[in-house]
Every structure is written in C-alpha cells, then in structure tokens.
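Going down the list, the sequences are from chains A and B. The first sequence begins at 275 in this note's numbering and counts up by one. The second sequence begins at 571 in this note's numbering and counts up by one.
Fair warning: there could be bad hints in the mix.
Taking lysine-lysine pairs in the BS3-like style, the calculated list, with each CA pair at most 30 Å apart, reads [said to hold, decoys possible]:
| # | chain 1 | residue 1 | chain 2 | residue 2 |
| --- | --- | --- | --- | --- |
| 1 | B | LYS803 | B | LYS820 |
| 2 | B | LYS588 | A | LYS334 |
| 3 | B | LYS588 | B | LYS617 |
| 4 | A | LYS416 | A | LYS445 |
| 5 | A | LYS380 | B | LYS617 |
| 6 | B | LYS588 | A | LYS302 |
Just so you know, the hints here were simulated from the structure itself, not pulled from any lab data. What you are looking at is a predicted structure, and each value in this text was computed from that prediction instead of being measured.
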Amino acid sequence: MNRGTILGADTIGRLIQELNRLPGIGPKSAQRLAYYLMRAPQEQANQLADAILSIKQKIKLCSICFNVTDSDPCAICRNDQRDRSQVCVVEQPQDILAIEHTGAYKGLYHVLHGAISPTEGVGTNDIRIRELPNRLRDSLVKEVILATNTNLEGEQTALYLNQLLSPLGIKITRLARGLPFGTELEYADDATLTRALEGRQQL
Amino acid sequence: MFRPRNYQTEAIIIKKTKLGEADRILTMYTPDLGKIQAVARGVRRPKSKLAGHLELLTHSQVTLARGRNLDTVIGSQTINGFLPLKTDLWLTSYGLYVIELVNQFTADHVEDEALFRLLLETLQSLCQTNNQELLLRYFEIHLLGASGYRPQLQECVTCHQPLGPITNFFCASIGSTLCPVCRLNQPFARPISVNALKVLRFIQGNGYAAVGRLEIDASLSYELESITRSYLKYLLEREVKSANWLDELKEQMKQPGAEEKKVYQP
C-alpha cells in the first residue's frame with residue numbers, strides 16, 4: 275500500500291498518504307503528485323503549502339450571505355455594482371462559482387451550506403436557512419431566486435423556502451428546469467421532459 | 571447454476587448515498603429480489619442519462635450488471651416518477667418517511683412481493699388521497715404485518731378475554747392490546763381509545779380502497795399516530811429521521827388544515 279515506506283523514504287510516503295486522502299486522488303495520482311513536488315522548485319512548494327495553510331486560517335463565512343470569504347462582508351456583498359434587489363439562494367459556495375461563470379447574474383447570493391434531507395437527518399437547524407427571512411425582512415430585495423439542486427433534496431428545500439418566505443410578500447422564483455445543452459431527448463426522464471414542455475419558449 | 575451477466579428488474583429507489591466524485595450507491599426495493607443495492611456511476615453529473623430515472627421515490631425498470639462486490643446500474647427507464655410527490659413539500663416528506671421505514675424494516679435479498687405491492691400502492695395513493703395521515707397508518711400497520719410484527723388487536727394478550735368497549739391499553743414491547751386489569755403489570759402500556767382500536771382493526775383487515783373512505787378527526791388521527799409511532803420506535807430501537815422532520819414541519823406550519831386538503835392531480 276505505502277510504497278514510500280517500503281523504499282525507505284518516509285517523508286515522501288507521508289506526502290503520498292496525505293495527497294491520497296484528497297477527493298478524486300487515488301494512490302497512483304498521489305504518487306505522481308508527490309514525486310512531482312519533490313522535483314519542483316522550492317518556491318512552488320512554498321506557494322502551495324502557504325495556499326493550503328491560509329485557506330484554513332483566513333477563510334471564514336460572510337456574515338450576510340454565508341459565502342466563503344477572507345474578508346467580511348464578502349466581495350459580492352460589498353460590491354456596489356451588484357443588483358441589491360435580487361438574492362439567489364444556492365446550496366454550496368461552489369454553486370456561486372458556476373453561476374458567476376455564466377456572467378448572466380448580477381444580484382446577491384445566499385449560501386445554505388446544504389439541503390434539507392429528512393432521511394439523512396438534515397433539518398432546518400443544520401443549514402443556514404432560518405437566517406434568510408431575517409435578512410430579507412425590511413431589505414431592498416424584491417426577488418428571491420431559488421437555485422437549489424434539481425434533485426429531491428434540493429427540490430424539497432425550494433418548496434420549503436417557498437412556504438417560509440411567501441409571507442414576506444417578495445417575488446419567489448425557481449430556476450427553470452429543462453434539458454441540459456447537448457443531450458439526447460430519448461434519454462430524458464419524465465420530470466425533466468414535463469418541465470421542459472411546460473417551460474417551452476417561442477423561437 | 572447459470573447466472574446471466576445482466577439482469578432486469580422493477581425497482582423503487584428507497585435510499586441513495588454518495589460514492590466518490592460522481593457516483594451513488596442506490597438501495598432499491600424490488601418485487602422479485604427484495605431489497606438490493608447497486609452502484610450508479612456518474613449520476614451526479616449534469617449530463618447523466620440515468621440520474622432522472624434513479625431519483626428517490628421513483629418506480630423504474632432497471633438493468634443491472636453483476637459486479638464482484640456491488641452490481642452496477644447500466645440502464646433505467648421510469649415506470650412512474652410520482653411527480654406529485656416531488657412537487658409538494660408535504661407529499662415529499664410523507665414519501666420519504668414511507669421509504670425510510672421500508673429500508674429499516676427489510677433485510678437485503680429477502681423477497682417479498684406483497685411488501686413491494688404495498689409500497690407501490692402507498693406511493694400511488696399518496697399522489698391521489700387527501701388523507702395522507704390515515705394512509706401512513708395503513709402503510710405502517712401493513713408493513714408491520716409483512717415484517718412479522720403484526721400487532722395483536724383482537725383480545726387481551728394476557729387473559730385472552732375479548733376487549734370491552736372501554737379505554738384499553740396497547741403495549742409496544744408485547745405488540746398487543748391489554749385489558750385495564752392486565753395492564754397493571756405493564757407500566758409502559760399506553761391507553762388506546764375505543765375508536766382508535768376500531769380504526770386500527772379496520773385498517774388491519776382491509777385494503778386501502780376501503781380504509782381510504784374512513785373519516786378521522788384530528789385528535790383521533792393524532793392518537794393513532796402516536797400509537798403506531800411508539801410501536802415502530804420500540805421495534806427499530808431508534809428514531810425514524812424523516813418522522814422527526816414531519817414533526818418539525820407540522821410544528822412550523824401549524825396545519826394540517828386548508829393547505830393539505832387540496833386534491834393533487836398527478
């Protein structure tokens with residue numbers, strides 16, 4: 275299992291082991307990375323080590339939107355150019371990256387850090403859901419966009435949020451669900467096809 | 571014995587766990603193989619062809635390939651997606667409760683076609699009925715029967731006398747009713763009203779077509795729920811997580827009232 279030790283190189287064995295624990299990195303990739311780092315310039319290793327350390331030390335959650343950030347409030351919440359009448363609710367900070375990458379959204383965010391999942395025992399106390407109504411009350415927000423995942427948990431979270439937020443009288447919208455770009459129709463499931471038909475648009 | 575490499579079965583997806591980057595382990599309940607587990611590869615990627623057919627609370631025709639350890643899902647086609655269950659907060663929660671119970675009460679590879687039919691009937695009825703609580707009781711009582719824990723409701727289990735039309739008792743650890751005299755030896759037995767006992771007996775002896783026509787008021791519904799819940803909890807020796815969520819929902823929304831009485835069209 276641990277070839278580093280077999281070869282008598284404990285230091286590199288330890289690195290391989292640590293890398294192996296990362297998601298998506300198997301023993302072979304870990305080995306390749308470790309030997310690459312061993313030969314890489316000192317400066318590069320320092321930068322990597324520093325980046326890893328600072329992610330644990332400096333990163334915290336934005337007190338407004340709960341996105342991960344190194345300054346509170348986060349860059350998006352501070353930005354005057356953003357549209358303050360829209361809040362987009364996502365499950366994970368990574369979802370913000372995906373939406374920002376499109377460049378099609380200019381509003382603010384709210385990160386739940388999970389989705390309601392009764393069978394796994396994740397309820398409203400385990401994610402940042404109760405903070406949302408307080409944030410929206412007496413704010414400039416006119417529209418909440420529910421951008422949770424389109425699986426059962428995300429869908430349920432959206433339904434719950436709809437009930438929770440409807441008394442506030444703010445417009446609540448859900449991301450459209452339809453066929454992903456580049457797919458074949460015959461493999462689409464009923465739920466997706468039904469929604470895609472409902473949401474069809476004139477060309 | 572010849573075992574083909576691929577096989578097909580109907581299945582209802584009752585549990586999913588993440589595996590690695592983009593895969594899932596699915597737990598499915600099938601009519602001919604009982605509860606099985608299989609790996610579904612790549613279903614967490616957006617372009618997965620299988621993902622939509624392998625969501626929880628979906629009745630699908632699946633094709634599986636035998637693997638060394640776990641089998642792999644290589645094809646699936648939805649038979650019934652139970653769409654109303656997935657577009658309503660309450661119905662989703664009820665549905666999740668149903669499949670969690672099935673998962674907890676069954677062992678792998680023990681086939682029970684009657685239980686599969688019960689599960690299917692319950693999910694179908696959830697889409698149509700407007701008395702979901704009663705349907706859940708129906709499901710619970712028949713699930714208990716199918717798993718060998720059929721509650722004995724006809725007589726007092728100790729003295730074997732018929733129960734009189736008075737408040738009797740139900741003891742979860744025995745799984746039976748007790749008369750007011752015999753319950754003195756069973757401090758944890760809980761009272762069960764005449765009406766609640768009648769309803770439970772009726773549920774036990776009838777299909778949902780008949781049970782669904784019963785009209786139950788809120789306090790009786792609550793009593794029935796607490797009786798079956800306490801028995802289920804005793805047997806499982808743990809909390810049913812989705813039941814806690816149902817309680818949380820009920821607490822927050824302070825219904826069931828106007829909202830829930832809507833008839834959902836599939």
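Hints and how they fare:
no. : hint                : result
1   : B:LYS803 / B:LYS820 : holds, 19 Å
2   : B:LYS588 / A:LYS334 : holds, 26 Å
3   : B:LYS588 / B:LYS617 : holds, 17 Å
4   : A:LYS416 / A:LYS445 : holds, 6 Å
5   : A:LYS380 / B:LYS617 : holds, 26 Å
6   : B:LYS588 / A:LYS302 : holds, 23 Å
When the structure is compared with the earlier hints, no violation turns up for any of them.
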